[in-house]
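One line per chain: the protein sequences are E and U, in this order.
So for the first sequence, my numbering puts the first residue at 1; every next one is plus one.
So for the second sequence, my numbering puts the first residue at 1; every next one is plus one.
You may find that some hints are simply not true.
Remember, identical chains collapse to one label, so a pair may be satisfied in a single copy or spanning two.
Said to hold, decoys possible - Listed below are the simulated SDA-like cross-link pairs for lysine to any residue, each with C-alpha atoms no more than 25 angstroms apart in a straight line:
hint: 1; residue 1: LYS222; residue 2: GLY91
hint: 2; residue 1: LYS205; residue 2: GLY219
hint: 3; residue 1: LYS222; residue 2: ALA187
hint: 4; residue 1: LYS222; residue 2: PHE89
hint: 5; residue 1: LYS222; residue 2: ARG87
hint: 6; residue 1: LYS42; residue 2: ALA129
hint: 7; residue 1: LYS222; residue 2: PHE186
hint: 8; residue 1: LYS222; residue 2: ASN125
hint: 9; residue 1: LYS205; residue 2: LEU220
hint: 10; residue 1: LYS42; residue 2: ALA14
hint: 11; residue 1: LYS222; residue 2: ALA129
hint: 12; residue 1: LYS205; residue 2: THR192
hint: 13; residue 1: LYS222; residue 2: ARG130
hint: 14; residue 1: LYS222; residue 2: LEU133
hint: 15; residue 1: LYS222; residue 2: ALA184
hint: 16; residue 1: LYS42; residue 2: SER54
hint: 17; residue 1: LYS222; residue 2: ARG92
hint: 18; residue 1: LYS222; residue 2: ALA132
hint: 19; residue 1: LYS42; residue 2: GLY55
hint: 20; residue 1: LYS222; residue 2: PRO86
hint: 21; residue 1: LYS222; residue 2: ASP126
No lab work stands behind these hints: they were computed from the structure.
2 protein chains.
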Amino acid sequence: MSAAFDRIRIVLVATSHPGNIGAAARAMLTMGLTRLVLVQPKRFPDPEATAMASGATAVLDAARIVGSLDEALAGCVLTVGLSARPREFAGRVLPARAAAAAALGNAAHGDVGIVFGGEMSGLSNDELARCALVATIPANAAYASLNLAAAVQVLAYELRVAATGDAVWRAPRFAPAAHDEVEALFAHGERTLTAMRFLNPERPKRLLPRLRRLFARAGLEKEEVNILRGILARVDELIVRGPRR
Amino acid sequence: MSAAFDRIRIVLVATSHPGNIGAAARAMLTMGLTRLVLVQPKRFPDPEATAMASGATAVLDAARIVGSLDEALAGCVLTVGLSARPREFAGRVLPARAAAAAALGNAAHGDVGIVFGGEMSGLSNDELARCALVATIPANAAYASLNLAAAVQVLAYELRVAATGDAVWRAPRFAPAAHDEVEALFAHGERTLTAMRFLNPERPKRLLPRLRRLFARAGLEKEEVNILRGILARVDELIVRGPRR
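Take these sequences, add in the hints, and give me the full structure.
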């Protein structure tokens, strides 16, 4: 994946607020992207960019600053322009997810440029026409105004999921209980609930099946079975001896 | 969808920077979410929050401020806590995409709370233990530090895609060319290329199949066929009459 990710350039055109450049750099790095190209940024470098980049200043330090979109995209085998607004003359338009998959597929062949316009009105029609593919992020039609760095975050996230799947950390699994341990628990529970006169064996209704269903859904661990049997054993004592203060 | 979306609460716990609350409100509204609950925000309301909310100040204005996480989650039939860091005692951990699907499914039955911790260290173990489900956003293990509003944006985006699919705007389709119009174009092209002596009919190589493949991929429109035949006709004239200055 990292080889393909190294071929992806995030290109920001005519960004007005340096804070957004910093936030975009942070968004990139959280997803493992590092190649940032800035086309005629209004103010850069700038302390606001550095502040918003948080731990991702290395991405800013390595950013290329160029004078034109064509310069930013030279050598790219696929160019993707973002647009929230519908454009009459756009060619292929893909949602972010499919665009990320296309970008990743093409990154096997060479560099891929993903282009974001300025904060006020995005990419111009001319700029978008220089991109082979238009990508758009599904959004609320009544308020589709994603912040620039937020749009970079969504695209970068989709690239990461496309590249590595969405495997995430898991809580450690503790030893699961064995079938016979679980059955012994249910048998114990049935005895105790009967002794408590909560369960009437002659009219058991759906009590035991419902408890089985609950614990089946949870998937019991060995230690949990021990805890539950400990609770049952304590109830057994109370029934036989009465409460000890 | 909007009924389910109205049942989703975005809960921000102990947010330090009011700008992040505003940016989160904006991220929510771009995806159609409007219910924001703030648990003990450090500073709110605040001009920075309003500035960062951009056009989404209505979400801020309607935000509920509460004193505890339990208060924020009262009545929720599913509670989802976000955590980037692995936790030893977490129960079910799902990636953002699957968590969004689960949230949406449960929103059919009642309110769903999606909980984000503070900027510095996220949710505490105690807070996370009060959530039925842990969600995590796939990220660069070496730098998984998504900005708070960026994390809200990704979750809100996944909720929207889960709810409405990722259908996006399409460029208007113009009238496609009919089979016979396309075949007439290829026939014309073959004649002209032969007349130009670019194509040798006795050794045609792969020229025509490659051109067919290119135009098949593009999917020709009626007007494009007319333009291409106009160009061919002009070349035909040049061949017959020579260039006119």
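Going down the list of hints, with the structure as the test:
no., hint, result
1, LYS222 x GLY91, "between (58 angstroms within a copy, 15 angstroms between copies)"
2, LYS205 x GLY219, "within (24 angstroms within a copy, 66 angstroms between copies)"
3, LYS222 x ALA187, "within (16 angstroms within a copy, 76 angstroms between copies)"
4, LYS222 x PHE89, "between (63 angstroms within a copy, 15 angstroms between copies)"
5, LYS222 x ARG87, "between (60 angstroms within a copy, 20 angstroms between copies)"
6, LYS42 x ALA129, "within (23 angstroms within a copy, 46 angstroms between copies)"
7, LYS222 x PHE186, "within (14 angstroms within a copy, 73 angstroms between copies)"
8, LYS222 x ASN125, "between (63 angstroms within a copy, 23 angstroms between copies)"
9, LYS205 x LEU220, "within (24 angstroms within a copy, 69 angstroms between copies)"
10, LYS42 x ALA14, "within (6 angstroms within a copy, 35 angstroms between copies)"
11, LYS222 x ALA129, "between (62 angstroms within a copy, 21 angstroms between copies)"
12, LYS205 x THR192, "within (16 angstroms within a copy, 87 angstroms between copies)"
13, LYS222 x ARG130, "between (61 angstroms within a copy, 23 angstroms between copies)"
14, LYS222 x LEU133, "between (54 angstroms within a copy, 22 angstroms between copies)"
15, LYS222 x ALA184, "within (12 angstroms within a copy, 75 angstroms between copies)"
16, LYS42 x SER54, "both (21 angstroms within a copy, 20 angstroms between copies)"
17, LYS222 x ARG92, "between (55 angstroms within a copy, 17 angstroms between copies)"
18, LYS222 x ALA132, "between (57 angstroms within a copy, 21 angstroms between copies)"
19, LYS42 x GLY55, "both (23 angstroms within a copy, 23 angstroms between copies)"
20, LYS222 x PRO86, "between (57 angstroms within a copy, 22 angstroms between copies)"
21, LYS222 x ASP126, "between (65 angstroms within a copy, 24 angstroms between copies)"
The structure agrees with every numbered hint stated previously.
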